[in-house]
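Start from the sequences and build out the full structure, keeping to the hints where you can.
Protein chains in written order, with our numbering: chain A, -7 to 450; chain B, 399 to 781; chain C, -19 to 295.
Hints are computed from structural coordinates only; laboratory data are not their basis.
C-beta atoms are modelled at their ideal positions from N, C-alpha and C, and glycine is treated no differently.
All the pointers check out, no bait thrown in.
DSBU-like cross-link-like pairs, simulated, lysine-lysine; straight-line CA separation at most 35 Å:
id: 1; chain 1: A; residue 1: Lys169; chain 2: A; residue 2: Lys45
id: 2; chain 1: A; residue 1: Lys74; chain 2: B; residue 2: Lys451
id: 3; chain 1: C; residue 1: Lys41; chain 2: A; residue 2: Lys323
Some, not all, of what chain C presents toward chain A, calculated at C-beta under 8 Å:
id: 4; residue: Thr50
id: 5; residue: Tyr234
id: 6; residue: Glu269
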Amino acid sequence: MDRVCERLARIVGENYVSNMKEELYIYSQDPGMMEPREPDYVVMPKTTVEVQKIVKLANEEKIPVIPVGGSLSLSGLVIPHKGGIVLDLKRMDKIIEVNERCRYVVIEAGVTTGRLKAYLEKHYPRLRFSIPDAPPSATVVGNIVIHGQGHLSQQYGFNSDMVTGLEVVLPTGEICKIGSCSVSPYWFSLAPLPDIAGLFLGWFGTTGIITKLGLRLYPRKKLRDIEVFIVEDPHLVPDVVYRVTHTEMAEDIFVNAQPYPPIFKDIIMMGICITGDSEEELEFKRRMIWNVLRTYIDSKEGGFMMTTPDVKRALLEMPITGTTRFADVMKGGGFEYCGPIIPVEKYPEAYKKLLELSSEYGVTYGNTCRVIGRGHCMMFAFGYPFNRADPDNMERTKKALHESNVASLDIGGVPWKPEVPAQKMIMARMDKNTLELMKRIKRFLDPNGIMNPGNWEG
Amino acid sequence: MSSYTKQIHRCFRCGYCKFPSDYAEYNCPSFSRFRFETYSTGGRLWLLWAWVKKEVEWSENLAKIMFSCVTCKNCVEHCPMKFKDDIVDWIVSARKDIIEKGAVLSSVRDFLNNIHKYGNPWGEARGKRAVWAEDVKRYKPGDEFLFYVGCVGSYDERGQRMARSFAELLEKADVSYGILGSEEECDGNEVYVLGEMGLFQELARKNTGKFKELNVKKVVTLSPHAYNVMKNKYPRYGTFEVFHYTEVLLKIIQEAKLKLSELNVEVTYHDPCFLGRYNNIYEVPRKILKNIPGIKLVEMDRNRENSFCCGGGSGNFVMDLLGGSEESPSRIRVKEAYETGAEILAVACPSCLTMFEDAVKNEGLEKELFVKDISELLKEVSK
Amino acid sequence: MNLDKEVAKIEMQKMVRGENSFVLYRCVTCYACEEYCKRGNHPFYLISDLQEKNSILPMPKPLITQWINTGIPTKKDIREFWGAVEPVISLCLFPEYINSIEGKLFEGFSIVVGRYFFCQLAYLHFGRPSIIRERLSSIIENIANHGFQEIVFFHDECYSTFTSYTQAYGIQVPFRSVHLFEYLYGRLRELEDEISPLNVKVAYQRPCSSRLAPEKEHFVDDIFNLIGVERVEREYDRENSLCCGGIIRGQQRYDLFVDVQRRNVVDMVNAEAEYCVFNCPMCFASLSEAVVKRDIKPIMMHELCRLALGEVIKS
Chain A
-7 MDRVCERLAR
3 IVGENYVSNM
13 KEELYIYSQD
23 PGMMEPREPD
33 YVVMPKTTVE
43 VQKIVKLANE
53 EKIPVIPVGG
63 SLSLSGLVIP
73 HKGGIVLDLK
83 RMDKIIEVNE
93 RCRYVVIEAG
103 VTTGRLKAYL
113 EKHYPRLRFS
123 IPDAPPSATV
133 VGNIVIHGQG
143 HLSQQYGFNS
153 DMVTGLEVVL
163 PTGEICKIGS
173 CSVSPYWFSL
183 APLPDIAGLF
193 LGWFGTTGII
203 TKLGLRLYPR
213 KKLRDIEVFI
223 VEDPHLVPDV
233 VYRVTHTEMA
243 EDIFVNAQPY
253 PPIFKDIIMM
263 GICITGDSEE
273 ELEFKRRMIW
283 NVLRTYIDSK
293 EGGFMMTTPD
303 VKRALLEMPI
313 TGTTRFADVM
323 KGGGFEYCGP
333 IIPVEKYPEA
343 YKKLLELSSE
353 YGVTYGNTCR
363 VIGRGHCMMF
373 AFGYPFNRAD
383 PDNMERTKKA
393 LHESNVASLD
403 IGGVPWKPEV
413 PAQKMIMARM
423 DKNTLELMKR
433 IKRFLDPNGI
443 MNPGNWEG
Chain B
399 MSSYTKQIHR
409 CFRCGYCKFP
419 SDYAEYNCPS
429 FSRFRFETYS
439 TGGRLWLLWA
449 WVKKEVEWSE
459 NLAKIMFSCV
469 TCKNCVEHCP
479 MKFKDDIVDW
489 IVSARKDIIE
499 KGAVLSSVRD
509 FLNNIHKYGN
519 PWGEARGKRA
529 VWAEDVKRYK
539 PGDEFLFYVG
549 CVGSYDERGQ
559 RMARSFAELL
569 EKADVSYGIL
579 GSEEECDGNE
589 VYVLGEMGLF
599 QELARKNTGK
609 FKELNVKKVV
619 TLSPHAYNVM
629 KNKYPRYGTF
639 EVFHYTEVLL
649 KIIQEAKLKL
659 SELNVEVTYH
669 DPCFLGRYNN
679 IYEVPRKILK
689 NIPGIKLVEM
699 DRNRENSFCC
709 GGGSGNFVMD
719 LLGGSEESPS
729 RIRVKEAYET
739 GAEILAVACP
749 SCLTMFEDAV
759 KNEGLEKELF
769 VKDISELLKE
779 VSK
Chain C
-19 MNLDKEVAKI
-9 EMQKMVRGEN
1 SFVLYRCVTC
11 YACEEYCKRG
21 NHPFYLISDL
31 QEKNSILPMP
41 KPLITQWINT
51 GIPTKKDIRE
61 FWGAVEPVIS
71 LCLFPEYINS
81 IEGKLFEGFS
91 IVVGRYFFCQ
101 LAYLHFGRPS
111 IIRERLSSII
121 ENIANHGFQE
131 IVFFHDECYS
141 TFTSYTQAYG
151 IQVPFRSVHL
161 FEYLYGRLRE
171 LEDEISPLNV
181 KVAYQRPCSS
191 RLAPEKEHFV
201 DDIFNLIGVE
211 RVEREYDREN
221 SLCCGGIIRG
231 QQRYDLFVDV
241 QRRNVVDMVN
251 AEAEYCVFNC
261 PMCFASLSEA
271 VVKRDIKPIM
281 MHELCRLALG
291 EVIKS
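Here's what the structure looks like:
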């Protein structure tokens, strides 16, 4: 063990630090397409104090630190671009508190979405959180840090909008509480204090490490169902979304398009989820949604699909395992997507571009979109499965992904959880003063430049 | 190289393999123990592919990662992909290649050598195999069942008590049976999953040869490991019916061959991997327990196909690669059993029995939680 | 549609003359008129042809597109099932039932399945009968190329395609089509000694396609009698059966869908049915949720028969 390794072992115990080739190999990459870069060490702290000690050590030794949750961004956000210490936070897996009346939960950074879901279902069956469709091994904090979305995003916004408080370890080693928890024992809200949380959300760990998080919970109804509205013309999608969101009856709204299997070919499906505590409540919501789309139904341009119980079951899963199975479409072990956040009205343009790129690069696609915040925007995924064992396919897919990022910006969207090259594209188009502000914030918080370097670097 | 080399790149490392169906806890024994991604199924498969592609060289650490998989099939159960059923087979095939290259851990090498030389993984003398069974009937042609005891039942003190209980119940129920005694060979299940195919074939041939010689029609095994290998891998060497001991006991109870007195206690049952996930036997042991008057069966959250492995599979009941920590699977599992409020943790596998006995001691729960196998419980209540 | 006889007569005559009629817009495609017409004039086939001729869409365009695409063979579909020999059963577009074709009832059966065996009749619901006639001959040829003299059809609609529909349009079928229930009854008779009467009350959900082959209807009662099942007396049964509602929902007639399903299920509940027995997988998909909510167990006919033989059904 070298000197740094020994120091790390003294902090976390020698069972939870490694500089073995195997660990370095696995932590050098995520399941996406970005080139691997090996860290120097992998360490797994159990407590905030351990995280703090590691960060202080890193500052002394001028070694980069890369905080890692589930490693499922697929855009290489936890790949150590400049080596350093990978901080696998999954041992910090306590669910600290659920305040049922105020509907919030406080969790550690390593709590997986699966674990939180199971915990709430068992102990607080009337509460739920906005679970994303990433595999259940994704961490709640990791998803929030990248402005993830989930099944409640149509109603309540990005998952990062649901934060009520943070505990962070700053790049210089101080431990800070943000939100009401900095003043009160309760983690109910970021307001009415100055909103510092934004300094840590969307920064991919370059400004500090979130060790605890307060998260809004929402009512969980007893019943959940789905109606799938299908159209052929992508130009109809924005208006359908506008009408349905106007009713305020829907839970999740997603838009899917894919060339296989045949039942999905040449059509665009809009899944509209509804929840209720009774059949009457569900029926009321269902009828509201049907009524608001009657114009399209009467014109025969759109209609509600006949869904079998099996299809419904698959679409009502949380998380939807079909999202993960997309990785095996090419029997190749992977998929990656450029998932820009776009105005809903830009859906037809984005869809057209997706078909063009798929054809141009000879790669198949899967498009999934999630409506966010009553139609304020949507996440539009240019999704491409690939085959790791086929270098030619990998190359074409990378090109398609790159062009998807370019197209996203061209149509007025912003790539979500962008890979480093896409980050640079974003920064190149960013308002100069905004960019300068970002740089100043990073310099201020992280004077030694140790936090996940390579990301958000202009 | 085997065909797995053309397939393992399909693993997405999504992580579903780490969980049970409700995602509440980690359910992969090696990942629970070590927590590095390398010790999850996904990490293991990615490393395997890296090794195949020569991106990673063989090392002691890589060997440890490869052989710390206890082949419990939680990953097979919960992987969402079409290739899920092949996952453990891939790992076994890879181990076969590793063994052929001579690149194993010393503990694995010793395990296999001991079986080869002495017929058991501890290296105990062959002659000692039946020391526990001096007064147990030997099988003769015409007996209904050959009671196959297995290595743990023969050599481990706790396993011997389990074997003895079952033999006594067979006697009480007047079932025609016998054992092979010191002529019994290791069943080879662990040898198979460790990838030593040459040795496995030798053991399978020896065992089936012996069965043919004695005209054995029905074999009842103490261990689910033996049950699994005889049911699923032996048929190409010889045909006979295979039963797990709980199946025979249930029939005995249903035929009212034993009178059962009351036992007022809360019991929780642990599903062994080689009985449950491998062979879909979940209800038989539960039916036995429910037939005992007074017993209240309480389930652990992780039950049936979600059972959390004791960590003893793939030879680890001897090699103990997952031991030595509070995070050892057997210790996690006994804590889970304790949390149900049950007094008794019932098992149907001698490997689970020994793993959990040790774990209870390590957790300081000796006075609160008693580990018993199903035959011991039945023996207690049967007149 | 609640029409009086005079209005119905006028509209029918219009359609016979090839003219437009409001009936073409309001037809729910339940096939009942095919059964009610005792003269064999195939009124529903006429309606379907006129719908297409007049570009009248009984369903929204995307649903029609979806179903047309669903019938086009993919790379995964098998055209030739080498080794498939009689007795053979065609599962059409229902591969999910492959694992249920087992046990004593189906010993020795070969299975053919997939889009190369899709009977196409569903397109009557979508106002696209031309697709049936376009594709049907190659489906028949594909089946015939296997050398089957006789083939059991799992789906009632398949049986009706290769009997009623082909007959109506003068299409030659070089093999004998066997209705699943006819086969089941015959086989159950052979296994009569092994049947344990189920002693349950069932409602039978008669599918629309049964209207095209009413001569096979008696097998339902024959089977029920043999396996000790009481078919409850209820209003919406036999000739008075109600559509499962699936197609009505596809036509986006939500209120009618709710009404039809409600009346049907309430009828079953009032008759104290314990099971709802299905013939058609699409009916099962459409109606099973509704019956389960009223504590009635949904089951396919062949699975009910297997229960009577003491077999375990994997759900």
